[in-house]
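S.K.: Now for the letters of each chain:
Protein chains: 2
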Amino acid sequence: MELIFLGTSSGSPTKSRNVSGLALRKSGARPWILVDCGEGTQHRLLHTPLSLSRLQTICITHVHGDHCYGLPGLLASAAMAGRRAPLTIIGPAALQGWLEATQEATHLTLGYPLHFIDVAALAGRQDWVVAEGFNITVLPLSHRVPSFGYEFVETGQPCKLDVDRLKADNIEPGPLWGRLQRGERVTLADGRVIDGRDYLLALWAPRKVIICGDNDNPALIAERAGSVDVLVHEATFTQAIANKLGTGPQHSSAMSIAQCAAEASVPNLILTHFSPRYKDGGAGLTIKDIEQEAGHYYGGILFLARDLDVFHLDRSGGLSRR
Amino acid sequence: MELIFLGTSSGSPTKSRNVSGLALRKSGARPWILVDCGEGTQHRLLHTPLSLSRLQTICITHVHGDHCYGLPGLLASAAMAGRRAPLTIIGPAALQGWLEATQEATHLTLGYPLHFIDVAALAGRQDWVVAEGFNITVLPLSHRVPSFGYEFVETGQPCKLDVDRLKADNIEPGPLWGRLQRGERVTLADGRVIDGRDYLLALWAPRKVIICGDNDNPALIAERAGSVDVLVHEATFTQAIANKLGTGPQHSSAMSIAQCAAEASVPNLILTHFSPRYKDGGAGLTIKDIEQEAGHYYGGILFLARDLDVFHLDRSGGLSRR
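The listed protein sequences derive, respectively, from chains G and Z. Its first residue numbered 589, the first sequence is counted upward by one per residue in our numbering. Its first residue numbered 589, the second sequence is counted upward by one per residue in our numbering.
Worth flagging that the hints you see were computed from the coordinates, not collected in a lab. A few of these clues could be false.
Unchecked claim - Distance condition first, Cα-Cα at most 20 angstroms in a straight line; then the derived EDC-like pairs of lysine to aspartate or glutamate:
{"#": "1", "chain 1": "G", "residue 1": "Lys603", "chain 2": "Z", "residue 2": "Asp895"}
{"#": "2", "chain 1": "G", "residue 1": "Lys603", "chain 2": "G", "residue 2": "Asp868"}
{"#": "3", "chain 1": "G", "residue 1": "Lys832", "chain 2": "G", "residue 2": "Asp877"}
{"#": "4", "chain 1": "G", "residue 1": "Lys832", "chain 2": "G", "residue 2": "Glu879"}
{"#": "5", "chain 1": "Z", "residue 1": "Lys614", "chain 2": "Z", "residue 2": "Glu590"}
{"#": "6", "chain 1": "G", "residue 1": "Lys603", "chain 2": "Z", "residue 2": "Glu879"}
{"#": "7", "chain 1": "G", "residue 1": "Lys755", "chain 2": "G", "residue 2": "Glu772"}
{"#": "8", "chain 1": "Z", "residue 1": "Lys603", "chain 2": "G", "residue 2": "Asp895"}
{"#": "9", "chain 1": "Z", "residue 1": "Lys748", "chain 2": "Z", "residue 2": "Asp715"}
{"#": "10", "chain 1": "Z", "residue 1": "Lys748", "chain 2": "Z", "residue 2": "Glu760"}
{"#": "11", "chain 1": "G", "residue 1": "Lys748", "chain 2": "G", "residue 2": "Glu772"}
{"#": "12", "chain 1": "Z", "residue 1": "Lys603", "chain 2": "G", "residue 2": "Asp897"}
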């Protein structure tokens, strides 16, 4: 699996960091999913192998502009590039009306259907949205406006036959095994009818990634985070700046999310959505300050995302930055 | 005067060209005017000396997304940067409702007032909008949706006393002349009351620039273009591609705008808004094709704009690319 960061700044873009956008796909696969779509997301995509014609689902975490103002332009460019396939958007219901108002005011005609799903109706329920290669579920978060996290659970891994179970059920090796491996229903010589799908084992456990929107209460994801391979979460400030700003912004500090990730035994943590006051280097506040604070509380594999970073999650759950 | 191009691509951005945006200011002055605001305009501004706190007026030529989808993010970033001064937007009335819908859907609170002026109410009339350093008037154009050009006429040039006229009116040199030069009303020894403003001559003639939105009928601006120093106009295609696409897109070709500029004796012509099918170099269609076609029909000073180009218009109307 691959995570491609399209924007890692909070609120406003900087020279080196765009506002929020994150692509997810099976490594090298053409279909992909976009989480958040700040202004300029389509510009960043020009520097990736991702194609607007193969974008299958957009998940928006909340209504703030730095997470959604890139939607109209991205949808328009997909149309201009000739897209005809339907596109699913999961997001706050208010954005559906806003997109309709945008299309009307700016005479924007898309040549493909939009299928809008209200994220609030999914939040905290067992329902999932089926995308190509992933099942998507939703976690409610805490922010100045309703905000959500998305959990992506891998589907469609290749399978092998469960030889032990075949032997235990007295199904002898032979041409039949080939049909069972293809998932077919088969009638045995003794009259039993068996389903190949009952004898298949996925080659690896489904990988799980949680990508969160803005959130000042990491405890809300602690339970689910315990079973994921990767958690992507905001760390807008260090705790010192968070204390100075008070509770108004409703963001997480590096300390608060790092403590939560440590307690939940998250194996891989990627932090993003940094306040523009943190520079990439030089004097004053830097991203390094956020990294050092997080590293103080969290001992797992930690990354601070940069724009156009590509992270590869291997089949055994190992995460590396390419 | 300076023109700073923030985007020179039509429809969608490319790796090297953003969608439409163009800044205008007195050379080195802090207040500035923005004409069109495609998605990513605020990102381009990060690479210029222009400050969102000193943006005084935004002029939008028409409602198509590549000319206005950058507005919400730019307005939001100005607010986050602490802007308190009112901001004037001149544009199609539909955009006022769209901005209101955007603010409501995305919980966007600006800390400064927006003053919206319907461009259609100004078009083709003698009315002008007063900005710092410029008077702005509007020209109706022809496109798939109502589209407009903006004429900027310089104001506020420094003045000198009209000595010939002072002498002709028997006003002798003395301390009085200093007061007249400051534009004061003065009572002469002989009882006459005169107004200094009647005896002031601007150091140079007001410079004029016309910046047009999308337009398939350059003849509409021929009359006004005859008196400008600089005309900025779209040249989306060469004529060969325009012929191939038919009249649907309602854009100008390099040939059609170059012919018009030649007939109107426009001294300086800057072309922009190039279809992404024209690359900056290499094989296939290139910007050079548009330049060569325009140069064939127009013998004045011709430039094909690139993103972040800065053009300087000197006091005598000479245009140079910095």
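S.K.: It remains to establish, for every hint, whether it holds in the given structure.
M.R.: Hints, verified against the model:
1. G:Lys603 x Z:Asp895: 16 angstroms, holds
2. G:Lys603 x G:Asp868: 10 angstroms, holds
3. G:Lys832 x G:Asp877: 16 angstroms, holds
4. G:Lys832 x G:Glu879: Roughly 19 angstroms between the alpha carbons, so the hint for G:Lys832 and G:Glu879 holds.
5. Z:Lys614 x Z:Glu590: It holds: about 6 angstroms lies between the C-alpha atoms, which stays within 20 angstroms.
6. G:Lys603 x Z:Glu879: Not OK: G:Lys603 and Z:Glu879 at ~31 angstroms, beyond 20 angstroms, violated.
7. G:Lys755 x G:Glu772: 18 angstroms, holds
8. Z:Lys603 x G:Asp895: Answer holds: Z:Lys603 to G:Asp895 is near 16 angstroms, not above 20 angstroms.
9. Z:Lys748 x Z:Asp715: 28 angstroms, violated
10. Z:Lys748 x Z:Glu760: Holds: Z:Lys748 and Z:Glu760 sit about 16 angstroms apart, inside 20 angstroms.
11. G:Lys748 x G:Glu772: Answer holds: G:Lys748 to G:Glu772 is near 14 angstroms, not above 20 angstroms.
12. Z:Lys603 x G:Asp897: Status holds; Cα separation ~18 angstroms.
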